[in-house]
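Chains L and G supply the protein sequences, listed in that same order. Following this note's numbering, the numbering of the first sequence begins with 905 at its first residue and continues without gaps. Following this note's numbering, the numbering of the second sequence begins with 61 at its first residue and continues without gaps.
Quick caveat, the hints were computed from the structure, so don't treat them as lab data. Note that the structure is a prediction, hence the values are computed from the model and not measured. Careful: at least some of the hints might be erroneous.
[Unchecked claim] Some residues of chain G that are not near chain L, with every Cβ distance over 12 Å (derived): (1) N66; (2) A71; (3) E74; (4) A75; (5) R77; (6) T81; (7) G87; (8) G95; (9) A102; (10) A106; (11) L129; (12) E159; (13) E162.
[Stated by the list, open to error] Quick partial rundown of chain G residues pointing at chain L, CB under 10 Å, derived from the structure: (14) R121; (15) P133; (16) T134; (17) G146.
Beta carbons: idealized from backbone N, C-alpha and C, even for Gly.
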Amino acid sequence: MPTTDEIKRRIEAAIPESTAEVEDWTGTGDHLRATVVSPAFAGLSRIAQHRLVYDVFGAEIGGPIHALSLTTRVPEQA
Amino acid sequence: MSSDTNPIRDAIAEAIRDNKTILFMKGNPEAPACGFSARTVAALQALDAPFAAVDILPDPRIRQELSALSNWPTIPQLFFEGELVGGCDIVMEMFESGELAETLGLEQPAGDAVAVPDAGGSAPLGIENRLS
Chain L
905 MPTTDEIKRR IEAAIPESTA EVEDWTGTGD HLRATVVSPA FAGLSRIAQH RLVYDVFGAE
965 IGGPIHALSL TTRVPEQA
Chain G
61 MSSDTNPIRD AIAEAIRDNK TILFMKGNPE APACGFSART VAALQALDAP FAAVDILPDP
121 RIRQELSALS NWPTIPQLFF EGELVGGCDI VMEMFESGEL AETLGLEQPA GDAVAVPDAG
181 GSAPLGIENR LS
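Make a model of the complete structure from these sequences and hints.
Below, the structure written as C-alpha cells:
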C-alpha cells in the first residue's frame, strides 16, 4: 500500500507544476484524501481534472489504493 | 467500443441510457455498503432527486465494465442523461455549491446543509439479475 508521501511525490512528478497535499483520512492507510493544485487543470471540467490525477495511478485505484478522495484546483482559486 | 459480445457492458450502457439519473454504488440506497456511496445517496435524497441505483458488488465484472465504459476508476458514479457527472467528491462539491441541483434540474432546498432524509423511493435496479 503506497504511503501518503509516495502518493504526493507521484502526483507532483506526473502533473506539471502541481502541489499535492495527501492525508490519511481514516488513519488506516486505505482511505486517502488529496488536494492537488496545478495550472494544468485550467479550463478542464472537474471530471477531466480528476481523471488526470487518477491516471497517475491507473489500476492501483481500487486495488492497492483502496480509495483516493480528490479536490483539484487551479492556483488562482487556491 | 468493442465489437465483441459483452452482455454486461451492454446492460450497463442500456441502464445509463434508459435512466435519466442513475447511480452505480456499493450496496443500495437503503443500505449503502461504503461511506462514499452513502454520502452520494444522501446528497441526491436531500434534493429529492429521483434516481435509479445499481449495486456493483454482486459481480466484480459490473465494476470492471462500468469503469471501462466511463473511464472512471472509483465507485460511486453518478450519470445524468447519459453523461458521467462524477464520483462522490465531485457530487458533494456540486451539491454544496448548488450546481448539482442545477445540473439535475431541481430546486436546491433552502437552509441547512445535507439533511439526510428517509431512504426510499429508489429501488435498486438489480442489473446483475439480467446477466445470466
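Would you pick out the hints that fail for this structure and give their numbers low to high?
8, 12 and 14
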